[in-house]
Amino acid sequence: MKRALFGNRLLPWLLLAPQLAVTAIFFLWPAAQAIRQSFLREDAFGLSTSFVGLANYAALWGSAEYLNAVRVTAIFAVATTLLSLGVALVLALAVDRLVRAGKVYTTLLVWPYAVAPAVAGILWWFIFNPTVGLLPYVLDRVGYDWNHLMRPRDAMILVVLASAWSRISYCFLFFVAGLQSIPQSLHEAAAIDGAGPVKRFFTITLPLLSPTTFFLLVVNIVYAMFETFGVIDATTEGGPAQSTNIMVYKVWFDGFIGQNLGSSAAQSVILMLIVIALTVIQFRWIEKRVAY
Amino acid sequence: MARITLNGVGKVYPGGTRAVGGVDLDVADGEFVVLVGPSGCGKSTLLRMIAGLETITEGTVSIGDRVVNDIEPAGRDIAMVFQNYALYPHMSVRQNLAYGLKNRRTPAAEIARRVDEAARMLELAPYLDRKPRQLSGGQRQRVAMGRAIVREPAAFLFDEPLSNLDAKLRGVMRWEIKTLQRRLATTAIYVTHDQVEAMTLGDRLVVLNGGRVEQIGTPLEVYRRPASVFVAGFIGSTPMNLVRSDVLPGLARPGTTVGIRPEDLVPSPDGALSMQVSGIEELGVSRLVHGVIGGERVSVVVPPDFQPSEPLRLSVRPGAMHLFDAATGLRREGS
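Which chain is which? The protein sequence lines are X and W, in order.
Going by my numbering, 324 is the number at position 213 of the first sequence; the sequence numbering is gapless.
Going by my numbering, 298 is the number at position 278 of the second sequence; the sequence numbering is gapless.
Hints are supplied without guarantee of correctness; some may be wrong.
[As the list claims (entries may be wrong)] Derived contacts from chain W toward chain X, CB cut-off under 8 Å, selection only:
(1) G28
(2) L73
(3) A99
(4) N104
(5) G120
[Said to hold, decoys possible] Some residues of chain W that are not near chain X, with every Cβ distance over 10 Å (derived):
(6) V87
(7) E92
(8) A94
(9) M100
(10) N123
(11) R150
(12) S156
(13) H213
(14) Y243
(15) V263
(16) P269
(17) P274
(18) G291
(19) V321
(20) P324
(21) A346
Everything labelled a hint here was simulated from the structure, so no lab data went into it.
A virtual CB, placed ideally from N, CA and C, is assigned to each residue, including glycine.
Given the sequences, and given the hints that come with them, work out the whole structure.
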C-alpha cells in the first residue's frame with residue numbers, strides 16, 4: 112500500500128468524514144439500536160418499555176413460526192443459488208463457444224440484472240397470476256392446476272424463479288470472465304491428451320472455475336437471504352400459510368405489521384450475525400484457498 | 021514412431037484470408053524437422069493443422085500410413101509441447117504427467133512406471149507432488165516435455181517451447197530437447213522464429229515466409245546455399261548483406277542482387293571495396309562494423325581488437341558471393 116503524507120493533521124479526517132458519517136448514521140447506529148431493542152419489550156400500546164434480557168431470543172427458539180422461517184429460508188436460498196449458478200454456467204459456456212456474436216449475447220443476457228427486484232416481482236406475479244397469468248393458462252393445458260396462492264410448493268417455485276432470474280445475469284458475467292481467463296491452450300492440451308468435451312469440462316474447466324464458483328456461491332446465498340424482500344413482497348407476501356416467509360421478510364412483518372419490535376430486533380440481530388459469518392468465510396477462503 | 025507426410029497442405033480461413041498454401045513435406049521416421057520463419061509466416065498454423073487443432077482446408081496430412089485430416093487430435097497419436105507449457109495448474113506434476121494416460125485407460129501400474137521413468141529422465145522426481153506454480157520456468161518446461169514423453173507418441177510437436185525462457189536456460193533446454201529426441205528416436209516437428217534454435221536443433225529446416233515454403237534442407241545446405249533472398253536474410257546469426265550487383269566492381273549484372281555474409285567480407289588494404297564506416301557494435305568475440313558501400317548498407321565482422329580505418333577497404337572471400345534474381349528473389353543457378 113502506498114502511504115500518502117499529509118502536512119495537516121485535520122485534512123485526512125475531513126476527507127474521511129463523509130464516508131464515516133454515512134457508515135455511522137446508516138449502518139452502525141441502526142445496528143446498535145437493533146441490538147438494544149432486542150433486549151427490550153414494549154407493551155401493546157407503546158406506553159412502557161422494560162428490559163427483558165434474552166427473553167426475545169428465547170421466545171424465537173421456541174417459536175414454530177420462526178423455525179419454519181429458518182427452514183423456508185434455507186430451502187429458498189439453496190434453490191435460488193443452485194438455479195441461478197446452474198443456468199448462468201450453462202449460458203456462459205454457450206457464449207464462450209461463440210467467437211463473434213459472444214459480445215452481443217453477453218450484453219443481452221445482462222439486462223435482467225438492471226431490473227429492480229420489485230419490478231421483477233410484479234413481472235413474475237403477472238406471468239404466474241392464477242387468474243390472468245400466461246403460465247397457469249399454459250400449464251392448465253397440460254393438466255397442471257397452477258395456484259401459488261393456494262399451494263405452498265407452487266409459491267416456493269414462483270419466488271425461487273423470480274429471485275434467481277435477475278441473479279442469473281450477475282453470475283453469468285462472472286462465469287464468462289472466469290471462462291475467458293482459462294487459457295485456450297489448456298483445452299487444446301487436454302484434447303490432445305485424449306479428453307473429450309465432457310471430460311474436459313469436469314477435469315479442466317470446472318476445477319479452474321472453482322474460485323469463481325465459490326465466490327458466487329457465497330454472494331448468492333447472501334443475496335437470497337437478505338436482498339429478496341422486494342420479490343417476496345411483490346409476489347406472495349410470505350404466503351400461503353407461511354410457506355415463503357423467509358427470515359428477512361418476517362423481520363419486517365413482525366416489526367412493522369405485527370408491531371412486535373423486540374422480537375423483530377432480535378431476529379435482525381440473528382440475521383446480522385449470519386451476514387458477518389458469511390462475510391468472514393468469503394474473505395478468509397477467497398483470499399487463501401483459491402483451489403489451485 | 022512414424023513418418024509424417026504433408027501433401028499440398030493449405031489453410032484458408034472462413035473470411036478468405038490465406039494462412040498457409042501448398043506445403044509439401046516428408047518427415048522421415050525419427051527425423052527432427054524445424055519449421056522456421058518470422059511471426060505470421062504460418063508456421064504455427066501448419067503445426068496446429070498437423071496436431072488437429074486447426075482444420076485442414078486443402079491437401080492431406082498423413083501420420084504413419086493414415087490420412088488424419090478428419091481425425092480428432094486425441095486420435096492422431098501425437099503429443100504437443102506448447103509455448104506457455106499449458107500445464108494444468110490445479111494438478112500436481114504427477115497428475116499432469118498421468119492425465120493423458122488416464123484418459124486412455126492405461127493400467128495404473130503402467131502409468132506409475134512411465135511417470136517414474138520420465139521423471140527420472142528429466143530429473144523431476146523431487147517435484148512430482150508439487151503444483152506447476154511452485155516450479156521454475158525450466159522445471160515447467162521439463163514437465164511439459166515429460167507429459168509428451170510418457171505418452172510414447174508417434175511424434176512430438178513443439179510450438180516455440182523455449183521462447184518463454186531466459187537466454188541461458190534456453191541454451192540448456194535446447195540441448196536437452198535435442199539429446200532426448202535422439203535417445204527416444206521419436207519423429208519431431210519443432211516451430212520457432214529463432215534461426216539459431218532452428219540451425220542447432222534441426223536435422224532439416226523448413227523455412228517459411230508468407231504461408232509458403234521458401235526452402236527445405238539441412239541446416240548447412242540452407243546456410244550455404246540459400247534458395248532465395250528471404251532465406252539469405254533470415255538464416256545466419258548476423259543477417260547477410262544484400263546489395264545491388266553494380267556496387268561490386270567488375271560484377272555489373274543487371275537485375276541481380278548479391279548476397280555476402282558479414283563474415284565473408286575481409287578487411288584488406290588493397291581490397292576492391294571501400295566502406296564508409298557509420299558505427300561499431302561490440303560482440304565480445306568479434307566486432308560488427310556497420311557502414312555504407314555505394315549507397316547500400318553493409319555490415320562486416322572483424323576481430324575484436326581491429327580498429328577500422330576510414331574508409332575501410334574490404335575484399336570478398338573467394339566463392340562467397342550468392343547471386344539472386346532481383347525481380348523474383350530466387351537464387352541464380354551457377355552462383
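Results of checking the hints against the structure:
For W:G28, the shortest C-beta to C-beta distance to chain X is roughly 25 Å, which exceeds 8 Å, and the interface hint is violated. This hint holds: W:L73 has a C-beta 5 Å from the nearest C-beta of chain X, less than the 8 Å allowed. The restraint placing W:A99 at the interface with chain X holds, with a minimum CB-CB distance near 7 Å, inside the 8 Å limit. The interface hint given for W:N104 is met, as the beta carbon of that residue sits about 6 Å from the closest beta carbon of chain X, less than 8 Å.
Given hint, W:G120 at the interface with chain X, holds; its Cβ is 4 Å from that chain's nearest Cβ, closer than 8 Å. Residue-level check passed: W:V87 sits 19 Å from the nearest beta carbon of chain X, beyond 10 Å. Against the 10 Å criterion, W:E92 falls within the reach of chain X, whose nearest CB is about 7 Å from its own CB. Residue-level check failed: W:A94 sits 4 Å from the nearest beta carbon of chain X, not beyond 10 Å.
Some Cβ of chain X comes within 10 Å of the Cβ of W:M100; the nearest lies about 5 Å off, and the non-interface call is violated. Consistency note on W:N123: stated as away from chain X, yet its beta-carbon is not over 10 Å from all of that chain's, at 4 Å minimum. Against chain X, the non-interface label of W:R150 holds: every CB pair exceeds 10 Å, the least being about 12 Å. For W:S156, the non-interface assignment is confirmed: its Cβ lies about 18 Å from the closest Cβ of chain X, beyond the 10 Å cut-off.
No beta-carbon of chain X comes within 10 Å of the beta-carbon of W:H213; the shortest separation is about 18 Å. Distance check for W:Y243 against chain X: the nearest CB is about 33 Å away, which clears 10 Å, and the non-interface claim stands. Taking the minimum C-beta to C-beta distance to chain X, about 43 Å, the non-interface status of W:V263 holds against the 10 Å cut. Distance check for W:P269 against chain X: the nearest CB is about 55 Å away, which clears 10 Å, and the non-interface claim stands.
At the 10 Å boundary, the C-beta of W:P274 stays outside the reach of chain X, the nearest C-beta of that chain being 51 Å off. Residue placement check: W:G291 keeps its beta carbon more than 10 Å from all beta carbons of chain X (closest about 53 Å). Even its closest Cβ contact with chain X, about 40 Å, leaves W:V321 beyond 10 Å, as expected for a residue assigned away from the interface. Taking the minimum C-beta to C-beta distance to chain X, about 43 Å, the non-interface status of W:P324 holds against the 10 Å cut.
Residue placement check: W:A346 keeps its beta carbon more than 10 Å from all beta carbons of chain X (closest about 42 Å).
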